[in-house]
Amino acid sequence: MCAKPKKTPDQEQYDQLEKKYETKRPVLKNCLRAFWVGGLFCLVGQAISYFYIYFFNFTEQTASNPTVATMIFIAMLLTGFGVYDRLGQFAGAGSAVPVTGFGNAVISAAIEHRTEGFVLGVGSNMFKLAGSVLLFGVFSAFVVALIKTILIYMGVI
Amino acid sequence: MKKIRKGQEMPKYLLLLISLFLIAGCSKHDSDEAPLSLVKPTNPTPSLIHSESRSTDEDMLQSIEEDIEKQKELYDAAIVKNDDTVLVAYKVRHLQRFHMKKIEKDVKGKLEDKYPDVKFIVSSDFKIFLEVVELHEQLKNPQFSAKEAQKKFDKIVKLKKELT
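These protein sequence lines are chains G and D, in that order. Going by the working numbering, the first residue of the first sequence is number 2, and it counts up by one from there. Going by the working numbering, the first residue of the second sequence is number 77, and it counts up by one from there.
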């Protein structure tokens, strides 16, 4: 990588001018909002997990699968109702980072491309954003499983 | 942007809530202690389903319970014995949950060293704990047959083996 070229006096002056008029980002406020809303999602997820443990034959270990599915489903419904967008504006990363953000990414892309038809619109664009999550998720799971298998085979773990 | 009125949105949430409650209502829970075991320690007295010599086994279960209580990482234990298999379910203190696998290995190792001819199934899973507490309560009921108890015990063992 080459080093950054030195700025001319004009550019430096422009930078100072820009800093003067730039709207300050409320970083701390954003972090706090993301923390609380993200935590709230986790609380709901924990409640759903206990719901599956109490009322169905799921253990703590196996309840995570239906819990994740339910959380994604709820996020998809909320995106369809237009609630999740508002939540996203308010909480930022707090609503995008948890698994619910995945559901939101799928459905919002589907809604956006609905006008282009079901096959070329919804079908081909639905995983525009979530596709990379799936691809790298599956690939990293494969790599981790491969490393684990090799370590077990070698007798390390 | 069009503003969503509160009156329009409410029924959808209500519908979701009502359907959740309806699904919850489908389940059968005939015990009093078990549902509360999530929030408070229950410490049920160890039970026996089928045993060759009852008094020896009762002493053994008592001793196992004392051993579990001695471990400072654990705080609530439910133990049940059927023939030569002992099922030990316990709760781990919150901050110790990071070492759950190590604790499980330690507890199992200690118990197996002390009682070599007994098969131990040790679990810190809340579902297993819940089912064992439920089995304890059902065993108190005289109408609950040994066959049913055996079936429930096998179900818990099967649950413990499930991974996905």
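One should not assume that every hint holds.
[Claimed, not checked] Below, computed lysine-lysine pairings styled on DSS-like, alpha-carbon distance capped at 25 Å:
| hint | chain 1 | residue 1 | chain 2 | residue 2 |
| --- | --- | --- | --- | --- |
| 1 | D | K167 | G | K149 |
| 2 | D | K178 | D | K227 |
| 3 | G | K149 | D | K236 |
| 4 | G | K149 | D | K146 |
| 5 | D | K223 | D | K177 |
| 6 | G | K149 | D | K223 |
| 7 | G | K8 | G | K20 |
| 8 | D | K181 | D | K223 |
| 9 | D | K116 | D | K190 |
| 10 | D | K116 | D | K195 |
| 11 | D | K116 | D | K146 |
| 12 | D | K231 | D | K167 |
| 13 | G | K149 | D | K177 |
| 14 | D | K186 | D | K223 |
| 15 | D | K190 | D | K237 |
[Claimed, not checked] Listed next, with one range per pair, are the computed distances between beta-carbon atoms:
| hint | chain 1 | residue 1 | chain 2 | residue 2 | range |
| --- | --- | --- | --- | --- | --- |
| 16 | D | K181 | G | F143 | 38 to 48 Å |
| 17 | G | F128 | D | E188 | 46 to 56 Å |
| 18 | G | S125 | D | F220 | 56 to 66 Å |
| 19 | G | L121 | D | Q226 | 24 to 34 Å |
| 20 | D | R173 | G | I151 | 52 to 62 Å |
I should point out that these hints are in silico values taken from the structure, not numbers from a laboratory. No experiment lies behind these values; they were computed from the predicted model shown. Glycine residues also receive a C-beta, built at the ideal position from the N, C-alpha and C atoms.
Structure-based check of all given hints:
A distance of roughly 29 Å separates the Cα atoms of D:K167 and G:K149; the hinted pair therefore is violated under the 25 Å criterion. Distance check on the hinted pair: D:K178 and D:K227 sit about 30 Å apart at the alpha-carbon level, beyond 25 Å; violated. For the hint pairing G:K149 with D:K236, the CA-to-CA distance comes to about 23 Å; that is within 25 Å, so the pair holds. With a C-alpha separation of about 35 Å, the suggested pairing of G:K149 with D:K146 is violated against the 25 Å cut-off.
Restraint check for D:K223 and D:K177: not satisfied, since their Cα atoms lie roughly 33 Å apart, outside the 25 Å limit. At roughly 42 Å between alpha-carbon atoms, G:K149 and D:K223 are farther apart than 25 Å, so this suggested pair is violated. Restraint check for G:K8 and G:K20: satisfied, since their Cα atoms lie roughly 16 Å apart, inside the 25 Å limit. The hinted pair formed by D:K181 and D:K223 fails the criterion: a straight-line CA distance of about 31 Å is larger than 25 Å.
The hinted pair formed by D:K116 and D:K190 fails the criterion: a straight-line CA distance of about 30 Å is larger than 25 Å. Between the alpha carbons of D:K116 and D:K195 the distance comes to roughly 29 Å, so the proposed pair goes past 25 Å and is violated. A hinted pair counts as satisfied when its Cα atoms are at most 25 Å apart, and D:K116 with D:K146 qualifies at roughly 19 Å. Between D:K231 and D:K167 the alpha-carbon distance is near 20 Å, which keeps this suggested pair within the 25 Å criterion.
For the hint pairing G:K149 with D:K177, the CA-to-CA distance comes to about 17 Å; that is within 25 Å, so the pair holds. Distance restraint check for D:K186 and D:K223: the Cα-Cα separation of roughly 31 Å exceeds the 25 Å cut-off, and the hinted pair is therefore not satisfied. For the hint pairing D:K190 with D:K237, the CA-to-CA distance comes to about 24 Å; that is within 25 Å, so the pair holds. The beta-carbon spacing between D:K181 and G:F143, approximately 28 Å, falls outside the hinted interval of 38 to 48 Å.
Restraint check, G:F128 to D:E188: a C-beta distance of roughly 50 Å satisfies the suggested window 46 to 56 Å. Judged by the Cβ atoms, the range 56 to 66 Å given for G:S125 and D:F220 holds: they are separated by roughly 58 Å. Distance hint for G:L121 and D:Q226: a CB-CB separation of about 59 Å, inconsistent with the stated range 24 to 34 Å. In this structure the hint that D:R173 and G:I151 lie 52 to 62 Å apart at CB is violated, the actual value being about 29 Å.
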